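**Q** These protein sequence lines map, in sequence, to chains H and X. Numbering-wise (the working numbering), the first sequence opens with residue 462 and increments by one. Numbering-wise (the working numbering), the second sequence opens with residue 98 and increments by one.
Honestly, the hints are just simulated from the structure, not real lab data. Model, not experiment: these values are computed from the prediction. Ideal Cβ positions, reconstructed from N, Cα and C, are used throughout, including at glycine. Accuracy of the hints is not assured; some may be wrong.
Said to hold, decoys possible - In silico lysine-lysine, DSSO-like type, Cα no more than 30 Å apart, as pairs:
hint : chain 1 : residue 1 : chain 2 : residue 2
1    : X       : K461      : H       : K910
2    : X       : K406      : X       : K461
3    : X       : K157      : H       : K816
4    : X       : K456      : H       : K869
5    : H       : K818      : H       : K862
6    : H       : K755      : H       : K869
7    : H       : K615      : X       : K461
8    : H       : K829      : H       : K926
9    : H       : K818      : X       : K456
10   : X       : K298      : H       : K910
Said to hold, decoys possible - The calculated label-pair distances, taken between Cβ atoms and stated as ranges, are:
hint : chain 1 : residue 1 : chain 2 : residue 2 : range
11   : X       : Q443      : H       : E878      : 41 to 47 Å
12   : X       : Q314      : H       : Y744      : 27 to 33 Å
13   : H       : A692      : X       : G227      : 34 to 40 Å
14   : X       : K413      : H       : F896      : 55 to 61 Å
15   : H       : L753      : X       : S424      : 37 to 43 Å
16   : H       : H872      : X       : T362      : 51 to 57 Å
17   : H       : K816      : X       : T481      : 28 to 34 Å
18   : H       : K890      : X       : N451      : 49 to 55 Å
19   : H       : H872      : X       : R240      : 48 to 54 Å
20   : H       : H872      : X       : S229      : 31 to 37 Å
21   : X       : P142      : H       : A692      : 36 to 42 Å
One-letter residues, chain by chain:
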Amino acid sequence: MKKNRNTWLLGLLGLLLPLTLLAGNVDLATVPKRSTVQLTIYNSEDLTLVRESRVVTFKKGINPLQFSWANTLIDPTSVELKFREPRAGLEVLDTTFPHDRPQTLYWNVQSDASYEAIIEISYFTSGITWAADYLAIANPNETALRLESFVRVKNLSGEDYENAQVRLVVGTINLVEKIAELAKLPAGRLSELKREEYGELRQKAARRMMAPAPALMMSGAMAADAAEKEAPKEIIKEGLSEYFIYTIEGTETVPNGWAKRLRSFEADAVPMTVEYRYRPREYGDQLVRLYLLKNDTTSKLGSTPLPDGVIRVFRTRGHEGLSYLATQNLKYIPIGDKIELNLGTDPVVIFELVKQKVFRDNLWFQIKGGNLYRKLGDDGFKLELDSPVAGWDEHTVYQQKIRNYSDKPIHVQIRREYPGDIVFRSPLKPSLHDFRTVQFETDIDAGEKARLDYEIIARMGYNQKQNRVELQAGAPGR
Amino acid sequence: MNRNRWLYPLSILLLLSSVSLEAIARIKLTTLPVRERVAIQLDHPQIALVEEERIVPLVKGINQVDFSWANTRIDPDTLVLRILAASVEPALNAQVLSVSYPPNENALIWSVAANVSGTARVRISYVLGGLSKNFHYRAVAGRDEATLELAQYLQVHNNANEAYETAGFWAGVGQRFDKPLGLNETKEVQLSRFASVPIRKTYTCDPVASGYLDRAQDKLNVPMHYVIRNAGGALGQEPLPTGKARIFQDDGQGGTAFLGEDRGTFTPPDDELELYLGLARDIAVRRTLDRSERQRIAGNLYRYDVTLKYEIENFKDTPAILDIAESVRQIRDQVHGSADRDPEWQLGDGTLRNPDLEKSDADKLVFHVELPARAADGQAQKQTHTLRLTLNNEW
């Protein structure tokens, strides 16, 4: 019944008339059905490679075939016909894009005998997309979380794909033109573009990574398989060049306009740690709480890179209730890399920086606007008004106060960036994250406070000789 | 009964046929598993998470469970269906296979596989827009203003276009409670009540923060605050969330008089909540810049000696403590002209020599001054205080 609604938007007609009569108004055609269809969907571009097989009967001689794709988003330059069986004896003589019938092409196929052949038609279409998304639910103690990964396939291509084998490509491929734009051009205009050039480039990019099509599957058997299976489908993950391919077990039917979400993997009790970080460049001017975990096998993950996608983080409270924590865009995470989930600020951890004292010393004067400089306090000299302050050391004593009102000890990491010629003096055992960023850490017990004292000495004006931070151990303040 | 439930914009349908998606053709008539329990988690500052439990009958094989939310602002991407481990029938093992999203509809369809026919308890969680909350406080101070009774209220506003016959609420603080919540309703409940909370009453003059009562006469505003420490007794277990606080006082005749209101800021345990009630007109403070001298050190480098004078009168019949707050940067800008650099200063030998170190920093200075009550004859005793500062290394 569905077939009726959708009467061959995308059709292949075996024409029973000689090609020379195509201009006539009376047509008789047979409609070979799709036997199998495979979708390879890229998430970095609006691009899907469709590979379908159909059984067509050829007679000896020239056989015209018509392929049309009204109201779909197929790139006409990408349509390709291949013969799966028999491999020899059949040959495409020419391809015609008729001027009077848009979104249609004709092939003339030369056959050396009568065959019932399996042909493969492949083409690019836009409008089918996929995206990953994730669900993380932390345990009440926040020592481990359950991570579920999903893939969601959305079909806005104008065509229903039934019982399709679905493969998803994880990675960023380079395309010279967006297929959606190409598809809007009439076929005749496309030849004005440098057809070989873009066709080759794009198809090279996409097709080269495709493994050979799997052995022919009969759609009937596959459909039965899909309907009867009562376990979540497995998604097989394989590396391919710079990319990863996810193959969804069995076949899927995604009607036009629908989206479908399937579980890619799940991992229970993934160990994690909680860390508080102050890194203004990454997280803004606030102390944020993070869940840290790793995409590796010891963490019960690591079977696949994590594709870009939205992750939603919850925490279990008592009675199996959840607390909503955060939604974040997860960037592609290679196998073995760390996963950082930013939960935002924690209202029960108070983070305050207090400027406690400021003083200046090592003052230098420029004598009468010349190249001579004198330091204050040298030999009791008295400088005139036209000798201005040219250099000084600005000492600023800070206290970083952190109050932990949560019921657990916390670990806090702080990074602060100091441009200029800087001495960072403290007993905090800091390290340099880079030439101008100081990093230090502390642990604070539940209900406790930390006071971290440090002094920044900024060499200003004439005194500035460097552009870097120097770490000095010592007590802050004069 | 079932017809009524159709009126709810949010519904869950169990499609009894276990057939493929195309065959569903969005047929809506099936059994309607009712909500067994609803929990509304309001612990996130902005977001309301609704969790509903329903008992869903499943047949052996694959079941299509249709969830739709016409006219409500459910974030569909946050929908989580969990089949609870404590299922009604222990032998039943059910799993979500996939989720399908039909076009142009606020709905989704879960494919759930069951190994036997039976009923499963499921929990559906989602973020719901239009459901918001706020806190507010009502405090009644005693006659002597030594303690107050503090009540904390939660208001839940339902503009989510969905009614809940009864739902368990949790706002992140206080007790969980069960209440019905109708369409477009606001529900207010008292979350906590704290008895005999000690009050510290403070008077502050701060030319930068609270300004002058009369600039020409150099008279400062003296705002009065109630300071409550979130500690001791029932307090101090949880933070006090942001919310408006209305303060009343026992009028001694069985009623209360309104003293004022302020927006209370988020107060973690052990921290202080300061509520500004109004100006204290019975404490008069005149602040003058008494002396400002400049000394050239070398070149264009100067040192300033500055003295500020405060003449204070307490016309109240009770003693009080006045907090005098100053911004050294503001004083420097006044005597020297504004500059980007922080002031470098030293306290001199005025009467104000011991700032409150917890409340003072490189710029701000806070001093506490004890003010005696006015004399028996009604005369207020005038106190004079001086603040001497040396501002070094200015140019």
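**Q** Look at each hint and say if it fits the structure.
**A** Against the structure, the hints come out as follows:
Taken as a hint, the K461 (chain X) and K910 (chain H) pair is honoured in the structure, with Cα atoms around 22 Å apart against an allowance of 30 Å. Of the supplied pair hints, the one linking K406 (chain X) and K461 (chain X) holds, its CA atoms being roughly 17 Å apart against a limit of 30 Å. With a C-alpha separation of about 68 Å, the suggested pairing of K157 (chain X) with K816 (chain H) is violated against the 30 Å cut-off. The hinted pair formed by K456 (chain X) and K869 (chain H) meets the criterion: a straight-line CA distance of about 28 Å does not exceed 30 Å.
Between K818 (chain H) and K862 (chain H) the alpha-carbon distance is near 15 Å, which keeps this suggested pair within the 30 Å criterion. About 22 Å separates the Cα atoms of K755 (chain H) and K869 (chain H), which keeps this hinted pair within 30 Å; it holds. Simply put, K615 (chain H) and K461 (chain X) have alpha-carbon atoms about 59 Å apart, too far for the 30 Å limit, and the pair is violated. A threshold of 30 Å between alpha carbons decides the hint, and for K829 (chain H) with K926 (chain H) the separation of about 22 Å falls inside it, so the pair holds.
Using a Cα cut-off of 30 Å, the hinted pair K818 (chain H) and K456 (chain X) holds, with the two alpha carbons roughly 13 Å apart. Of the pairs offered as hints, the one joining K298 (chain X) and K910 (chain H) holds, with about 26 Å between alpha carbons and a cut-off of 30 Å not exceeded. The supplied range of 41 to 47 Å is broken by Q443 (chain X) and E878 (chain H), whose beta-carbon atoms lie about 31 Å from each other. Distance hint check: the CB atoms of Q314 (chain X) and Y744 (chain H) are about 49 Å apart, inconsistent with the given range 27 to 33 Å.
The hinted range of 34 to 40 Å is satisfied by A692 (chain H) and G227 (chain X), whose Cβ atoms lie roughly 38 Å apart. Taking 55 to 61 Å as the suggested C-beta distance range, the pair K413 (chain X) and F896 (chain H) conforms, at roughly 60 Å. Between L753 (chain H) and S424 (chain X) the CB atoms are about 41 Å apart, so this pair conforms to the stated range of 37 to 43 Å. As the Cβ distance of H872 (chain H) to T362 (chain X) is approximately 27 Å, the hint placing it in 51 to 57 Å is violated.
In this structure the supplied range 28 to 34 Å holds for K816 (chain H) paired with T481 (chain X), their Cβ-Cβ distance being about 31 Å. Distance hint for K890 (chain H) and N451 (chain X): a CB-CB separation of about 34 Å, inconsistent with the stated range 49 to 55 Å. Distance hint check for H872 (chain H) and R240 (chain X): the Cβ-Cβ separation is about 49 Å, which falls inside the suggested range of 48 to 54 Å. Between H872 (chain H) and S229 (chain X) the beta carbons are some 34 Å apart, a value that agrees with the proposed interval 31 to 37 Å.
The hinted window of 36 to 42 Å between P142 (chain X) and A692 (chain H) holds, with their beta carbons roughly 40 Å apart.
Consistency note: the structure conflicts with the earlier hints numbered 3, 7, 11, 12, 16, 18.
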